[in-house]
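Keeping their order, the protein sequence lines are chains G and U.
1 is the number of the first residue of the first sequence in the working numbering; add one for each residue after it.
1 is the number of the first residue of the second sequence in the working numbering; add one for each residue after it.
To be clear, the hints were calculated from the coordinates, so they are not data collected in a lab.
Watch out, some of these pointers could steer you wrong.
Short derived list, chain G residues pointing at chain U, Cβ under 7 Å [what the hints assert, rightly or not]:
1. Tyr340
2. Cys491
3. Gly497
4. Ala649
Note that CB positions come from ideal geometry on N, CA and C, so glycine has one too.
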Amino acid sequence: MSRIEDIGIFNAMREEGLAKVLPAMPRIAVGMGTCGRGNGAEGVYQALSHAIDRDGLDIRLAAVGCFGACSEEPLVSVWLPGQPLVILRRVQASDVERILNDLSRGRITPDLAWCKIEEWDHITAHLRYGQGFPELPLWSELPFFSGQKKIVLRNCGLIAPDDIDEYIAVGGYQALYKVLIDGKPESVIEQIKASKLRGRGGAGYATGIKWEFLAKAKDDRKYIICNADEGDPGAYMNRNEIESDPHGLLEGMIIGGYVTGASQGIVYVRAEYPLAVHHLARAIDQAREYGILGANILGRPFHFDIEMVEGAGAFVCGEETALIASLEGFSGRPRPRPPYPAQKGLQGKPTNINNVETWYNIAPIVLKGPAWFTEIGSTKSAGTKVFSLVGKVQNTGLVEMPLGTPLTKFVYDIGGGAAAGRTVKAVQTGGPSGGCIPHEMFDTAVDYETLAQLGSIMGSGGMVVMDEDNCMVDIARYFIEFTHSESCGKCVPCRVGLDQALEILNGFTKGTGTAAQLTLLNELGRMIRDTSLCGLGQTAPNPVLTTMRHFRHEFDDHIIAKRCRAGVCHSLALSPCENSCPLHMNIPRFLDLLKEGRADDAFEAVFLDNPLPASTGRVCQHPCDDRCRRQTVDSPVNMREVHRFIADAVLLTDRFEPLAARIAARKKAPTGKSVAVVGAGPAGLTAAFYLALVGHDVTVFENKAEAGGMLRYAIPEYRLPKRVLAQEVELIRRLGVKFQFGAGVGSAITLNELDEGFDAVFLAIGTWKESWVNLPGTELKGVLPALPFLESVATGTNPALGRKMTVIGGGNAAVDSARTAVRMGVDATIVYRRERKDMPAIKEEVDAAEQEGVKFLFLAAPHRIVGDARGNVRALEIAKTRLGQYDSSGRRKPVVTAEIVRLDCDAVVLAVGETVDLDFARASGLTLREAGTFVVDRFTLETSRPNFFAGGDAISGASNVSNAMGFGKKAARKIDERLMGAKRFAGLAGGFQYSMEPPETTSTSPRHRSAELKPAVRVAGEDEVMVGLTDAEAGDESCRCLRCDIRG
Amino acid sequence: MAQKKISIRIDGELVPALEGKTILEVARGAGRRIPSLCHMDGLKDVGACRLCIVALNGGRLVPACTTPVQEGLAVTTNSPEIAAYRRMIVELLLVERNHVCSVCVSNGHCELQSLATSLGVTSVRFRYRYPSLPLDLSQERFVLDHNRCILCSRCIRVCAEVEGAHVWDMMGRGIHSRVISELDQPWGEASTCTNCGKCVQACPTGAMAEKGWAVEEMVKRTAQVAGAAVRKGVSL
């Protein structure tokens, strides 16, 4: 090892390095960044090292940095001479023997192989590994890497960070050599200016101009500083860059030092990054040994050295004047600018500070020229930026993308979208200084200006993805808590303002906030932003201001309704299951009552929470399952089946009478107020029950012959037997609810008559119009909308379907139609334009349909319906679709292809969604939305007409039974509040004593499922498919509850 | 260095100024009132209280005390927005610690109190923090009451820059910041303290006071200390 004095030695060094990167023997490199180590890379490395020593293998083993794919760590790259470099993923120490075994036979362990690299553009050099392994995808073909352009990360994960030879081998220090030999610092500054490189720390100031200031400043001593005080939650780009390629940083800084005339460089790095500190210290030592740092660098008359200083971890020290104060030994408090550091910086000397990533861009720009650089990225923001993509996406890691790439590319293409069953809600860019961007704005280009327009910033590149499990109020609170604890305390707006903002936000998450505080918070946020001394305070309100702008409804939920939909704010919910339930059933209570053997109390408790417990116990979409914490142990508690069991045990037995009496006994004294409920569906029945319970005189107007709405007329007998529903309706009737059947509002009775005759009116008319599709052939005989089809079966008139039927749609109505047809001896096929996992229908129902012989055709959009001369349906032609871009629902949009398939059939059922009866809605004179649903106050459910309330599908559009009932329950509460001027619902369902001690043990049994009839038996009749839990099963299931409702 | 004569516009009016002076100096020299708390003539400005914010060319808000004038600059010293922000800053200072005027030695002679009056802060919209803070009575002649401290750092600067003792500094950060003598010793045990009392005179509120005065009786000789500081010429 000797000092590099001339180009001959430099080239010799390069050859030596290449012999390490591409040796004459196999090379195995283990990704040993902090992320790799955290996932067991050290064990893998030791196992490899041990096995290679033990067997005396001719293999070169290297420890490299991170290749960026955090969710696939530990990564190991394997190279056989002449072959592509193969990246293995999720390698554990136990895999080592297999890997070596396969390698000895020239093979790559197939189940670990992820992708291959045939050649690599190090920007400063081009490396050809070789070709082969046709079965493996190229790295750039993997979604995670698609579109990535690695300039800053050019060497990360490929070369050993602790070996300067490998850095030189891939073209390292060439740019420095070129600059020193050319000896024209001004032209380098011109190049940087022409490249439009902007500061990567977040503010985006033009780097070339900043350098020019320093170059022009006249002083005996000038400094350049690398700001590596990366402290945003969720951001770790700089850590990985320094860990994986420390020489890339040094080279950029030495060039910067030369062209600006600085004699000393300082890297201010967080002490919490021990591996980065270690690698950087070693790199500095090596560079000094090689004559790349110190006096007479590379044999030229240029002296420059770099010192590393470890910061103590204050976030504010990322602010340049605070950083300088910290370097000078003072506490990290910023000072006002001007004077700017370029005039008066460290020790009062001219100083230039750039972010880590800015420095990494220097060598490539010097070698490739500014024109190459400006071609990458957008007009105003050239080049690439490294982002740490973390949070609720499937693929997390460091991604380097050209600036100007739209957010949707990050979230869906690279990140792979949210986990199954979840949807992405927002992305927080720029950490605590940035803002939240809602998913409706994901076509936003990620560059400095566009993000700033949305009230966010690019920052250092943190990108935290959030889904519906994240509460935006809590997110705002979290970031303010962070900046609050990191505020230096010097200026009043940041010191006291953030403290008050945190106080207000804490109140919101606890349900004690007021609307006046929301206004005050907005004013306070703007004041802190506009008047704070430094960047920390000026940007700290961004998370609050952007969430208030884009997620105002969540703030309103917390302040007005005292609800947190995400279930994050514990004070606002009893338990995760209760919070997810549209009816807010006290689920732990009925589970415990059943567990204690108090079946009657359990029924009473269930019925007071949910007046259709047996029906919902059969058909609810059970959102509670998704939230149940028991699933972190094994699988969620089967809450739906347990309340069905509790309800069946009373409704269908001789216990009905005594319990009906018990519930009727809870009825409050008559109020003398009367309420009309229009529609006897789930929303109407629920509202009627509660309104009667609190003592109002309730009349339900229904234009059909029986009560139940969709439960009665759309859901088939085999899912919900009519006698079960009838018992529930009977119990509601016992409370004194009057029904008028065949009384269509608008025909038999007018709204004005209702207004005159009643103190309040609740409109729960549902969505009974089947959406029509714009499709040739819908006029043919045999084309049936799903609802009329299901209704005619439910009323006993079976329409003729022929032998074969196709159903268009993917919701519950589609599945119900197909299963009903199968029971009528008809061959049924469901045609759906997306994939199976995208079907809105309940998964269990889809599975059951398949067992019963229903066929499915996915990725198929209807093209036209073909008829014969007599006008009868003969076939449905469908166009195959493929999945294209992600739409605003986070699902990929089906794109129709030219491939047409003909399905012969005698009937076509259209189940593409239901809408409000527009004729009625328009005639009502109430204010409507475009879709025909009623406009209501979200919190009171009041319509535009005084005393008229609306709920259920009529305001939300077609939804499901439990959502409709949730509206019914809420409407009853709001109507009562309006009529009585008091909140009387609290404690309405109370009065039960049950254990509030945490259970000492819970049942270890897996989830109990209801027994089902065999498919062959099912299709032969209309018998209920789900038999229900047995006594013992229900009892044991209730013992599986972890009792999240007990706290403290 | 001879300072160049320039002119700037303050609230639309052309005002002559010397290059290198701050907006606050020029504006006050021209008879404008811009409220401030952490500024004291003769001391280095720190831009901490943010009360002297003014709008540059009708837009960006900057502190007048640390922003140098430039040829052609147009400054707006007050607007509904600026006034609202200033009121909010005073509100925040009032809720931060325990400012109970009725029992304060500086009642009637307090800069924070008179600012609240002149800015029209009649009530606060924020929650009082009521922190539990100590009183340092260990010094023979003076008392330090953290309950009335607004962290303006005038005591720290006057001690370091004018007296040259640097007894005071700031510890902690954020809302937990607190003025300390030496390395958080009781004031009475601070060996570097010269007993000069400049800190007490520089203090805008009742946080530092001479012993022996009752409510309303402590009248500070701030102008006198500032005059001495200006003569010493330490600022900028």
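How the hints compare with the structure:
1. Taking 7 Å as the C-beta contact cut-off toward chain U, the hint placing G:Tyr340 at the interface is violated, the least distance being around 12 Å.
2. For the restraint placing G:Cys491 at the interface with chain U, the shortest Cβ-Cβ distance is roughly 5 Å, inside the 7 Å limit, so the hint holds.
3. Hint status for G:Gly497 relative to chain U: holds, with the closest Cβ pair at about 6 Å, below 7 Å.
4. With 7 Å as the threshold, the beta carbon of G:Ala649 stays out of range of chain U, its nearest partner Cβ sitting at about 52 Å, so the hint is violated.
The structure fails to meet hints 1 and 4 from the earlier list, while all remaining hints are met.
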